[in-house]
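Chains as they are written, first to last, in numbering that gives the first Met the number 0: chain A, 0 to 489; chain B, 0 to 496.
There's no promise every hint is true.
To be verified - The calculated label-pair distances, taken between Cβ atoms and stated as ranges, are: (1) 145(A) <-> 355(B): 24 to 32 Å; (2) 266(A) <-> 422(B): 54 to 62 Å; (3) 422(B) <-> 218(A): 51 to 59 Å; (4) 40(A) <-> 355(B): 32 to 40 Å; (5) 146(A) <-> 422(B): 45 to 53 Å; (6) 55(B) <-> 146(A): 43 to 51 Å.
To be verified - Here are the simulated DSBU-like pairs of lysine-lysine, each with C-alpha atoms no more than 35 Å apart in a straight line: (7) 66(A) <-> 242(B); (8) 386(B) <-> 66(A); (9) 256(A) <-> 122(A); (10) 392(B) <-> 81(A); (11) 242(B) <-> 81(A); (12) 91(A) <-> 386(B); (13) 86(B) <-> 91(A); (14) 275(A) <-> 340(B); (15) 488(B) <-> 256(B); (16) 242(B) <-> 142(A); (17) 108(A) <-> 392(B); (18) 108(A) <-> 309(B).
Calculated from the structure, these hints are not laboratory results. The C-beta atom is built at its ideal place from N, Cα and C for all residues, glycine as well.
Residues per chain, in single letters:
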Amino acid sequence: MSAPASKLIKGQTCDWEVVIGMEVHAQVLSKSKLFSGASTEFGAEPNAQVSFIDAGMPGMLPVINEKCVEQAVRTGLGLKAKINLASIFDRKNYFYPDLPQGYQISQYKNPIVGEGEVTIDLKDGESRKVGIERLHLEQDAGKSLHDQHPDNSYVDLNRSGIALMEIVTKPDMRSSEEAAAFLRKLRAIVRYLGTCDGNMDEGSMRADVNVSVRKPGGPLGTRCEIKNVNSMRFIAQAVEFEARRQIEIIEGGGTIKQETRLFDSRQGETRSMRSKEEAHDYRYFPDPDLLPLELDAAWVAEIEKSLPELPDEKKARFMAMGLSAYDASVVVAERELADYYEELAKGVDAKAAANWLNNEILGRLNRDGLSIAQVPVSAAANNAIVMMISDHTISGKIAKDLLDIVWSEGGEPRAIVEARGLRQVTDTGAIDAAIEKVIAANPDKVEEVKVKPKLAAWFVGQVMKQTGGKANPAQVNALLKARLNLPDEG
Amino acid sequence: MSLPSSLASFNLAEARDALKAKSISSRELTDALIRAAADSRGLNAFVTETPERAVEMAQASDLRIKHGEARVLEGLPLAIKDLFCTKGVRTTAGSKILSNFVPPYESTVTQNLWNAGAVMLGKTNMDEFAMGSSNETSAAGPALNPWRAKNSNANLVPGGSSGGSAAAVAGDLCLAAIGTDTGGSIRQPAAVTGIVGLKPTYGRCSRFGIVAFASSLDQAGPMTKTVRDAAMLLTSMASVDPKDSTSVDIAVPDYEKQMAGGIKGLRVGIPREYRIDGAPAEVSALWEKGAAWLKAQGAEIVEVSLPHTKYALPTYYIVAPAEASSNLARYDGVRFGHRAKGVSDITELYENSRAEGFGAEVQRRILIGTYVLSAGYYDAYYARAQKLRTLIKRDFDQAFERCDVLLTPATPGPAFGVGEKTADPVSMYLQDVFTVTVNLAGLPALSVPAGLTANGLPLGLQLIGKAFDEGTILRAGKAIEDAAQFIHKPTDWWRAA
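Produce the complete structure using the sequences and hints provided.
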C-alpha cells in the first residue's frame with residue numbers, strides 16, 4: 000500500500016513515506032481478573048485487590064475467566080477477524096518487581112483472534128482500511144511506585160493479573176493523522192462492543208507505535224517502537240517527531256537502529272530506551288498450568304448474534320438517511336452520541352437533526368467541557384425543538400435561545416414556548432405593521448435601498464427586532480420585498 | 000486379626016478398624032506417634048512437627064467418633080510432605096528460600112484429608128523443591144533411611160524427593176504419609192524404604208497449593224505400609240478442583256473396593272526395554288519373580304515393547320527443568336521468602352536472594368531449564384522433548400492394547416549410601432530411569448515392596464496402569480503384596496535410648 004503524495008513528508012533530498020503499525024493494549028471490561036477472582040475496579044487503595052494468585056504465591060494456579068474470553072471473542076468479531084477456536088496460553092518469562100510470578104501469561108504463537116480489519120475515517124470524509132494482524136489475551140503487570148520513599152520502591156499489585164487484549168495491526172498506516180484516526184476508531188469499536196472502556200487517562204488503553212520511513216514504494220525501512228503512547232494527541236506528535244528524526248538521520252548519511260523508544264510528552268520527543276541487542280529473551284513456552292483454550296463454534300456464533308450495530312454500519316445507515324460522510328462519522332464516533340442522535344432525529348429531517356447536534360449540542364458541550372454522557376438536555380427535548388423549527392412553530396434564532404434556556408434552567412421546550420410566547424409570528428397583519436413602522440422611522444434607508452438592494456437584509460433585521468425575533472424571517476423577507484418593490488433575487 | 004504390639008506400628012486400615020471398634024482412641028494413637036517422631040529425630044524425617052495441632056485434631060476426632068460422626072479417615076495421624084502448603088504451618092519445600100514461609104492457605108489435597116478427619120503430625124523432609132532422588136538436597140539436611148545393610152552402620156538415603164515421608168512411614172513415625180511425584184519422587188523412595196507408593200494419573204489429585212516443581216508432571220499421592228492403605232488414602236486425596244484447571248472431572252471411585260477381586264485373566268505386560276545393561280542381577284531376578292507370582296494367581300504374562308523408553312530420561316531432564324526455571328522465578332526476595340540483605344539495587348536483590356536461597360541442585364536445574372528455553376535452543380531441546388513426550392505416550396497407548404498393566408522394577412537398585420552419588424548428578428538422575436516415563440505419559444503407577452537384597456535392603460516392583468485406572472494397578476499390587484509377604488522391618492537403630 001502506498002500513500003498519496005499529500006501524505007508524504009518533504010525531506011532535504013526527496014519525499015519520504017512514513018509507515019506505521021501499532022500494538023494497542025486494551026483492558027478487558029470484566030469484574031474480575033484474567034486468572035483470579037480479584038476485582039478490577041479502578042482507584043482502590045494499593046494492594047487492596049490482589050488474590051494469592053495475583054501475588055504469585057507458592058502453589059497458586061491460574062484459572063481462566065470465561066467472561067474475559069467472551070470479551071476477546073466479541074472484540075475479534077467486531078474487528079471482522081478470524082476467531083481461533085483453539086488457542087494457547089504461554090509464559091513470557093522476565094524478572095521485574097511488579098511481575099510477581101516472574102512471567103506474564105500471554106498468548107504467543109496461537110492467539111485467540113487472527114486477521115481482521117478496521118476502517119478508519121479521515122478528515123476529508125475519506126475512508127481507509129487498516130489490517131489487524133492478531134488479538135491475544137494476556138495479564139497486566141502491577142505498578143512500581145518510585146516516589147514513595149527516598150531509598151525504596153514500592154509495588155502496587157492491583158493491576159497485576161487484569162486481562163488485557165493486545166491488538167496488533169499490520170504496518171498499514173501512512174501518516175500521523177491515520178494513526179490517530181485508527182486509535183480513535185478502535186476505541187469507538189471496543190466502546191460500542193462494551194469490551195473496553197477506552198479510558199486512556201486511567202490506562203485502560205495504551206498504544207505502542209512502530210514507525211519507519213522509506214522512499215515511496217521502496218522497501219520497508221528499519222522500525223523503531225515507541226512505547227506507551229497514552230493519548231490521541233500524543234500519537235500524532237510522537238509519529239511526527241519520530242518520522243522526522245529518522246529522515247534526518249538517513250539524509251545525514253546515517254542508518255536507523257532498531258530500538259525501543261519512549262515518548263516524552265513534555266518535551267514532545269522520543270528517546271532511546273533499549274536497543275535490539277538489549278532486548279529480553281522471554282523464553283516463551285506453553286503454560287503447563289492451563290489447558291489449550293478450546294471454543295465451541297456455536298458459542299462464538301451466539302456472541303456474534305449479540306453484537307450491537309457497529310460504527311461502520313451505523314455510518315452507512317446514517318448516510319443513507321441523508322447525512323454527509325463527514326457528519327455521519329462525527330455522529331457515530333461515540334455510541335452514546337449516535338444513540339442520542341437517533342432519538343433526536345426521530346420524525347424530523349435527518350440532516351437538520353445532524354446539523355442541530357453538530358452545531359448546537361456539540362458546540363455547547365465543548366464550551367462547557369462536558370461529554371455526551373453529561374449533556375443536560377435530553378435527546379427528546381431537542382427532538383421537540385427541531386420539530387418546532389421544521390413546522391415553523393419557532394424560528395431558528397428562537398430555537399437557539401430556547402435551547403439555552405433548557406440547557407441552563409431545564410424544562411419542557413414546548414411548554415416554555417407557550418409560557419414565554421416564543422411562537423413564531425405568521426400573522427401577516429402583525430408583520431405588516433412592524434414593516435410600516437420601520438419604513439416610517441427610516442425614510443433615508445428607504446431611498447437608499449432602491450439603489451442598494453442588499454440593504455434589504457438590514458430591513459429584515461429591523462423588522463425581526465420589532466417582533467422580538469418571533470416573526471418568520473422568510474415571510475418577513477417576502478413581505479418586505481413586495482412592499483419595497485425589490486427584485487426577488489435580492 | 001493380630002494387631003501390632005505397639006500403636007505406632009499400626010497400618011492405616013488397622014488403626015481405622017481399631018478406632019471404629021473403639022479399642023483405641025485417636026488421642027492414644029496420636030500420642031504414640033508424636034512420641035515415636037520425637038524419639039526418631041535421628042532420621043531427620045520431619046522438618047516441622049506439629050504435636051499441638053495433632054493433639055487438637057485427635058481430640059476433635061475422638062469426639063466425632065463418640066458421637067457416631069466419624070468420617071473415612073477420622074482420627075488417623077498422617078505425615079505431610081513439606082511441599083504441600085498448610086495454612087498457618089511453615090512450608091519450606093526443603094529450601095532455604097522458603098525457610099520462613101507460612102502459607103495463609105491450605106492445599107486442596109491436605110484440605111481433602113482434613114475434611115475426611117485425618118490428623119496432621121507434621122511436615123516431612125524432602126529434596127529442595129522436590130529436585131533430587133536421595134533427600135540430600137534438602138536445606139534441612141538429609142533424611143535417613145531406617146534400613147541399613149546387613150552388618151553395616153553406614154547411613155543410607157531414603158530416596159527422594161519424598162524421602163522424609165518414606166522414612167517416616169518405614170520407621171513407624173506415622174500411619175501413612177503423602178508425597179508428590181514428578182519423576183519418581185514417591186515410587187523410588189517407597190521402593191528403597193520397603194513401603195508402598197502410588198503416583199496417581201496426572202489430574203487425579205489437585206495441584207492447588209502444592210509448591211510447583213514441574214507443573215505438567217507433578218502429582219500428589221499416598222505413601223503407605225500396605226496397598227490397601229494406599230487405596231484408602233487416594234480415595235480421600237483425589238478430587239476434581241475448580242482451582243486447578245488440569246485436574247480432571249472423573250468421579251473418584253472407592254479404590255479400596257476396586258483393589259479387591261483378584262487378578263484372574265489380567266494381562267500383565269513386561270516391557271522389554273526395561274531390561275537395562277548393568278542392572279543388578281537381584282533386580283532382574285525379583286522382576287521375574289514378580290511376573291511368576293502374578294501368573295500363579297491367574298494373570299497372563301505378555302511381552303510388550305516401549306521403544307522410546309531410552310529417550311525418557313533425557314526428555315524428562317529437559318521438560319522438568321524448563322518448567323521449573325519458570326515456576327521458581329517467583330522466589331525473588333520481593334514478596335515472601337528469603338531476601339538478601341545489604342543490596343544496592345533490584346538486580347542485586349534478585350541475584351543475591353536467589354544465590355543465597357537456592358541450593359546447588361536447584362540452581363543447576365534452573366540453569367538447564369533457562370538454557371533449553373532460550374532463543375535459538377528452544378527448537379533443539381524443548382520442542383523436541385515435547386515431540387518425544389508424545390511418542391513416549393503413544394508407546395504406552397500401543398502397549399495397553401495388548402495388556403492391562405505393566406510390571407517393571409521400581410528402581411535400578413536398593414538404597415545407596417549418604418554422599419555416594421552427590422558428586423555425580425547423572426548417576427543420581429539414573430535413579431529415575433524406571434519411573435520418569437510414567438510422569439511423561441501422565442499415567443498412574445504403584446511401587447510395592449517385593450523383597451530384600453542379599454544385603455537385606457528392600458527392593459520394589461512397579462505396576463503401571465492406564466490413565467485413571469488406579470483400581471487395576473492396586474489390584475495387581477495387592478497380588479504382589481500377598482505373594483511377596485514382605486513383613487520385614489528395619490531394626491530401630493535410630494531411636495533415642
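Has the given pair, residue 256(A) with residue 122(A), been kept, meaning a C-alpha gap of at most 35 Å?
-> 33 Å, holds
Just tell me: holds or violated, for the beta carbon distance of residue 40(A) and residue 355(B) against 32 to 40 Å?
-> Distance hint for residue 40(A), residue 355(B) holds at roughly 39 Å.
Take a look at whether the Cβ-Cβ distance between residue 55(B) and residue 146(A) falls inside 43 to 51 Å.
-> Holds, since residue 55(B) and residue 146(A) (Cβ atoms, about 48 Å apart) stay within the stated range.
Given the hinted pair residue 242(B) and residue 142(A), is their alpha-carbon gap at most 35 Å?
-> 26 Å, holds
Given the hint that residue 386(B) pairs with residue 66(A), test it: the Cα-Cα distance must not exceed 35 Å.
-> 33 Å, holds
Go ahead and decide if the range 54 to 62 Å is satisfied by the Cβ distance of residue 266(A) to residue 422(B).
-> 59 Å, holds
Measure nothing beyond the straight line between the CA atoms of residue 86(B) and residue 91(A); if it is 35 Å or shorter, mark the hint as holding.
-> Status holds; Cα separation ~30 Å.
Between residue 488(B) and residue 256(B), does the CA-CA distance stay at or below 35 Å?
-> At roughly 27 Å apart (the allowed maximum being 35 Å), residue 256(B) and residue 488(B) satisfy the hint.
Taking only the CA atoms, is the gap from residue 242(B) to residue 81(A) under or equal to 35 Å?
-> With Cα atoms ~31 Å apart, residue 242(B) and residue 81(A) stay inside 35 Å; holds.
CA of residue 275(A) to CA of residue 340(B), is that 35 Å or under?
-> 33 Å, holds
Would you mind confirming whether the straight-line C-alpha gap from residue 108(A) to residue 392(B) stays at or under 35 Å?
-> Within the cut-off at roughly 24 Å; holds.
Given the range 45 to 53 Å, decide if the beta-carbon distance of residue 146(A) to residue 422(B) lies inside it.
-> Given about 51 Å between the Cβ atoms, the range holds.
Violated hints for the displayed structure: none, as all numbered hints are satisfied.
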